[in-house]
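Visitor: Top line first, the protein sequences correspond to chains A and B.
Just so we're aligned, residue 1 is where the first sequence starts under UniProt numbering, counting upward by one.
Just so we're aligned, residue 1 is where the second sequence starts under UniProt numbering, counting upward by one.
These are calculated hints, taken from the structure and not from any lab test.
Since the structure is predicted, the reported quantities are computational estimates derived from the model, not experimental observations.
Be careful, since some hints might not be right.
No copy is singled out in the list; a pair is fine if it fits within one copy or between any two copies.
Okay, derived cross-link-like pairs now, SDA-like style, lysine to any residue, Cα gap no bigger than 20 Å in a straight line [as the list claims (entries may be wrong)]:
1) K222 - A273
2) K179 - Y149
3) K179 - T109
4) K436 - A207
5) K29 - D162
6) K347 - G156
7) K274 - K488
8) K41 - Q240
9) K29 - R270
10) K41 - K179
Number of protein chains: 2
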Amino acid sequence: MFDPYSQCATRRGLPKEKMSENGIMSRAKVLTIDTMNPTVKKVEYAVRGPIVQRAVELERELSEGMKKPFAEVIKANIGDAHAMGQQPITFFRQVLALCSYPELLSDSTFPEDAKSRACRILQSCGGNSMGAYSASQGIDSVRQDVARYIERRDGGVACDPDNIYLTTGASDGIVTMLKLLVCGEGTTRTGVMIPIPQYPLYSAALAELGAVQIDYFLNEEKCWSLDITELQRAVNEARQYCNPRALCIINPGNPTGQVQSRQCIEDVIRFAAKERLFLMADEVYQDNVYAEGCQFHSFKKVLFEMGPEYAETVELASFHSTSKCYMGECGFRGGYMEIINMDDEVKDQLTKLLSVRLCPPVPGQALMDLVVNPPQPGEPSYGSFIKERTATLSALAEKAKLTEQVLNTVQGISCNPVQGAMYSFPRITIPEKAVKEATEKGQQPDMFYCMKMLEETGICLVPGSGFGQKDGTYHFRMTILPPTDKLKILLNKVKEFHQRFTQQYS
Amino acid sequence: MFDPYSQCATRRGLPKEKMSENGIMSRAKVLTIDTMNPTVKKVEYAVRGPIVQRAVELERELSEGMKKPFAEVIKANIGDAHAMGQQPITFFRQVLALCSYPELLSDSTFPEDAKSRACRILQSCGGNSMGAYSASQGIDSVRQDVARYIERRDGGVACDPDNIYLTTGASDGIVTMLKLLVCGEGTTRTGVMIPIPQYPLYSAALAELGAVQIDYFLNEEKCWSLDITELQRAVNEARQYCNPRALCIINPGNPTGQVQSRQCIEDVIRFAAKERLFLMADEVYQDNVYAEGCQFHSFKKVLFEMGPEYAETVELASFHSTSKCYMGECGFRGGYMEIINMDDEVKDQLTKLLSVRLCPPVPGQALMDLVVNPPQPGEPSYGSFIKERTATLSALAEKAKLTEQVLNTVQGISCNPVQGAMYSFPRITIPEKAVKEATEKGQQPDMFYCMKMLEETGICLVPGSGFGQKDGTYHFRMTILPPTDKLKILLNKVKEFHQRFTQQYS
Chain A
1 MFDPYSQCAT
11 RRGLPKEKMS
21 ENGIMSRAKV
31 LTIDTMNPTV
41 KKVEYAVRGP
51 IVQRAVELER
61 ELSEGMKKPF
71 AEVIKANIGD
81 AHAMGQQPIT
91 FFRQVLALCS
101 YPELLSDSTF
111 PEDAKSRACR
121 ILQSCGGNSM
131 GAYSASQGID
141 SVRQDVARYI
151 ERRDGGVACD
161 PDNIYLTTGA
171 SDGIVTMLKL
181 LVCGEGTTRT
191 GVMIPIPQYP
201 LYSAALAELG
211 AVQIDYFLNE
221 EKCWSLDITE
231 LQRAVNEARQ
241 YCNPRALCII
251 NPGNPTGQVQ
261 SRQCIEDVIR
271 FAAKERLFLM
281 ADEVYQDNVY
291 AEGCQFHSFK
301 KVLFEMGPEY
311 AETVELASFH
321 STSKCYMGEC
331 GFRGGYMEII
341 NMDDEVKDQL
351 TKLLSVRLCP
361 PVPGQALMDL
371 VVNPPQPGEP
381 SYGSFIKERT
391 ATLSALAEKA
401 KLTEQVLNTV
411 QGISCNPVQG
421 AMYSFPRITI
431 PEKAVKEATE
441 KGQQPDMFYC
451 MKMLEETGIC
461 LVPGSGFGQK
471 DGTYHFRMTI
481 LPPTDKLKIL
491 LNKVKEFHQR
501 FTQQYS
Chain B
1 MFDPYSQCAT
11 RRGLPKEKMS
21 ENGIMSRAKV
31 LTIDTMNPTV
41 KKVEYAVRGP
51 IVQRAVELER
61 ELSEGMKKPF
71 AEVIKANIGD
81 AHAMGQQPIT
91 FFRQVLALCS
101 YPELLSDSTF
111 PEDAKSRACR
121 ILQSCGGNSM
131 GAYSASQGID
141 SVRQDVARYI
151 ERRDGGVACD
161 PDNIYLTTGA
171 SDGIVTMLKL
181 LVCGEGTTRT
191 GVMIPIPQYP
201 LYSAALAELG
211 AVQIDYFLNE
221 EKCWSLDITE
231 LQRAVNEARQ
241 YCNPRALCII
251 NPGNPTGQVQ
261 SRQCIEDVIR
271 FAAKERLFLM
281 ADEVYQDNVY
291 AEGCQFHSFK
301 KVLFEMGPEY
311 AETVELASFH
321 STSKCYMGEC
331 GFRGGYMEII
341 NMDDEVKDQL
351 TKLLSVRLCP
361 PVPGQALMDL
371 VVNPPQPGEP
381 SYGSFIKERT
391 ATLSALAEKA
401 KLTEQVLNTV
411 QGISCNPVQG
421 AMYSFPRITI
431 PEKAVKEATE
441 KGQQPDMFYC
451 MKMLEETGIC
461 LVPGSGFGQK
471 DGTYHFRMTI
481 LPPTDKLKIL
491 LNKVKEFHQR
501 FTQQYS
C-alpha cells in the first residue's frame, strides 16, 4: 500500500479520507497556519500575488491546448526587461563569460577591454575565481569602482568606498537597513514613512519586521509629486502611536513614475533633519528618466550641496541595482547601497549582520562593477556599448510617451506622464455595479478588474490596491517594457477591455 | 571650510572637537548602538568574526611592506575551496559561460553536451536570458532536475519537484525555514534544538529571530556522535522555559566532521516524531565523506524507508548547496531545499514570503542544475568531469587523514577522525596561565590562543568558542582545504606554535 518510490506519496499528503481511516496518520503537523510566524502571515506582495499565479496557470492551460480568448499571456506586472525581449548589453555578458570560464581570455574574438575588465575582477576574487566567497561587504575593487561612479554621477561630490556595501539586488539592502532600524514596543515601536502608492517590498518588509508603516500620500493631481505638508501631517499623526525613525523615498517613483525636482529633494532633506528621520533613498531607476525638463538628482549630491549642517548630520542610505535602468539584469541579483553619516558602531553591527549570509552573489557583484565602470571613450567596446544603451533608453522614452498618450484616449482612464522608471500607474473609473460585484466576492474592485482583464485578454497587470491608493480611487500598474509593436497591441487591448468592462457594468 | 568634494567629509564624520565647537553639528544620530534593533546586536558569527578582521588587516600590512614573522596569511577559517586554489569543474564553467554569452553557442571549441545543457537552462529563462527574474521558487526545469537527482541519490525514493525550493546558498533556506517556525512569547516562545558544536549560522539566525536556542551536545569521546539520550535531556529541560518545535542536524557535521550512521538517523527521526519536532537536515556536505565504513544517508531516504507512520507525518526540510562537496562554488550562492510533509497552507505562505525577494540568483540556479545533472556516461564531457571530481574528492580524503594524523602527534592536541565535511575540530589543552591571561583580557581562552597563532604564524583559524563547546574544553576549527603541500606546512606550523605556546605558559 505505502510505496516510497511512488510520486504520489510526497504529493500534498494522502487524501483526507485515507488519513482519518489510518490511526497513525492522525499526528498533527508541527507547523500549521495557526502555529507559524504571525508576522510572516501579514506579509503581502502584490507584484507576485494571486493575479500572477493565475497568469502562470493560464500559461500552462494554453500550453496544454486549452482554448482561451487570447493566444498568449503578456506579463506586464513586473519590471523584468529581458523577459520582455530586451537584449543584454554585449560587453557585460562578454566579461561575465570571461570571468566564468577564464580559458576564454586567450580567445581572440573577445575585445581587449572585456578581457582587461575580466582580469581586474578575477584578480580581486579569492583564487582568481568567482566561485570564492567575497568579503561580506563586497569585493574591494568593485566597491572602489562604485565610489568613483558615484563621484562622477554627483559632479565630484566625494564618495568613500568604505561606505559602499554590495547587496543581493536592492531589495536585500533595503530590508537590511530596515532591520537595523526596528526597535521598541507599543507606542515606541519604530515607524517608517513610505509613499503611497509604494513598491510593496516596503510594506512586506515592515510587516515581517513588525515595524509600523506610516503612509504619506503622493499627490496624483500634481503628477504624483511629493508634498512636504503631507509628510508633516503623516509624521505628526504617527507620533501619537509610534516612533517615526525613517523616511523612504522612491525616486524615480515606482509605481508612479514621477521624477523629483532638486527643490523637492532639498525640502525632504530639511524635513528629515528637522524631524530626525533616517533617510532611505531608493534610486534604482536613476537612469530611467524620460520626460523633458526632468533630471535625476541623487539625494547624496543634494545633501552634500546643502552644506555641513546637513551633509555632516543627516543619515542617508541610497540603493541601486543591476536590475533596472538600461541593463535590466534582474536575474543576477546585483546591487549596492551607499551609507552616509552612519554611526560607526552601527556600521560594525551592519558588517557583522551581513557576514552571517557570507556574501552577495559574486556574478552579481561583477555585473554591478561593469554597470558602474562601463567601456570608456577610446576603448574598443565603447561604440557598441553606447549604441546599445542609447537604443534601450530611447525606446523606453518612446514607450513611456506612447503609454501615456494611448491610455489618456480612453474614457475612464487617466494617466499621469511617465516621467521616469518603467511603469504607468493610471487611474481607472470602475462602475458602481462592478464595485458592488467585487465587494460581494470579497475582492478589491481593481483586483476584480485586473483579474477579469487577465481572463479575457491574457494581459497580466497589478491592481493599484497592491501598492496602496487613496480610498475610493482605483489604479493598475503596467510596465512599459514590451517591445513597441507589442506594447501598441497591448494598449489597444487594455482600451477595448476597459470600454467593454465599463459598458458591461453601466 | 566644508568641502563636499573632499574624501574627508564622508570619512567617519569630523573629529569630536570640531563637532562640539559647531552648534549645528550637535544633532544626535537617529540610529545608534543604543537605538538599533536589539536582536541584531545579539547576533554573533565567528567564522567571519574579529579574528578574520585581524587577518585581513595583517594581509594589508604585509602588502604595505610591514615586517611580520610570516610571509603570508593562510585563511583556514572558512570552507572556501576556490580561494584555497581548488579549480572549478571545467564543464560547469563552460556551461555558465555559454549561458552568460549565448553567442558562444556557435563556438566549435565548446563540447556539445555543454551547449545542450546551456540551451536547456536558457530555454527555461524568461526571454532566454539569465538576466530575467525566475519564479520565486526557482526555475521549473532546475527543480525537476533536482528532484531526479534526489531520486537517484536515494535509490529511487520519489521526489516531487513541487517540494523543491531553490535558494541563495543553503544559509538562505535555513534562515527562511527558521523564520516560518518562530512564534509565541515567554515560555511558549519557539525553541530550536541545535548541535553543540554547531555552525554559527544557526545561533546567529535564532538570535536575530528572537527564538530560543536549545543546545544538545555531540559526544566528542565517541567521535562527535549524536546521542538520543542527550537529545531527550535537552528537550526535557527546554520544555520548562520554551516550546521546542524544531531539531537541526548537520550531517556530515560542521565543524565536527562526523558522519551519522543509518541507525542514528532512524533514531533521530523517531525522536522527532515522538517529541513533535520539525526536522531540519543540513546536508550540504553530502559528497564529502572520506572515512572507510562511513556512508552518507539522507534523512529523506531513511524517513521514507521507515514506512508510512513516519514517511507521511514527519515534517522535514533538507538543505543542499553549490558551495561545498567537490565543486566548492561558494561565490555563486546556489542551493536548494526539499520540504516533506509541510502543511499546504504553510507552503503557500513560504512561497509568498520568498516572492518578496523576487528570486534566487539565476547563475546560482544554473550551477545548481549542473551539480544535480552533471555529464552522463557517453557524453563528451563525462571523462573529464569524473576525472576532476575524483581528483578533488581523493585529495580531500587524503588531507582529512593527514590532518588527523599530524595533529594527533602533538602533545596537548587531540583530533577525532575527519570522517566527512571539510574541517578538523581538534581539542586543545590550554595551560592555566594562558587561561588566566585570556580571562584578564576579557577574551575566551581559545580566542586568545587563535589570535596569538595568527599574529605569530599568519594562520587564521576559528576558536571553538565560536561554535560552542563543553565548558572548560577548548578547540579550534581548521579547514582541510589548502593544497596538500601547503597543508603540511600549515600543520607543522600549528604544531610548532602549540608547543611554543604550551612552553611559554607552563
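Visitor: Take the hints in turn and mark each one as holding or not.
Guide: Quick rundown of the hints versus the structure:
With identical chains, the CA atoms of K222 and A273 are never at most 20 Å apart, being 25 Å at best within one copy and 61 Å at best between copies. In this assembly of identical chains, the alpha carbons of K179 and Y149 never lie at most 20 Å apart, being 27 Å within a copy and 37 Å across copies at closest. With identical chains, the CA atoms of K179 and T109 are never at most 20 Å apart, being 47 Å at best within one copy and 49 Å at best between copies. Within a single copy, K436 and A207 get their C-alpha atoms no closer than 29 Å, and across copies no closer than 48 Å, so neither meets the 20 Å cut-off.
Proximity of K29 and D162 under a CA criterion of 20 Å is satisfied inter-copy only: 19 Å between copies versus 47 Å inside one chain copy. With identical chains, the CA atoms of K347 and G156 are never at most 20 Å apart, being 24 Å at best within one copy and 50 Å at best between copies. Taking the shortest alpha-carbon separations for K274 and K488, neither the intra-copy value of 47 Å nor the inter-copy value of 62 Å comes in at or below 20 Å. Taking the shortest Cα distances, K41 and Q240 never come within 20 Å of each other, neither inside one copy (26 Å) nor across copies (28 Å).
Taking the shortest Cα distances, K29 and R270 sit within 20 Å of each other only across copies (15 Å), while inside one copy they are farther apart (53 Å). For the homomeric pair K41 and K179, the shortest alpha-carbon distances inside one copy (18 Å) and between copies (11 Å) are both at most 20 Å.
Of the numbered hints listed earlier, those contradicted by the structure are 1, 2, 3, 4, 6, 7, 8.
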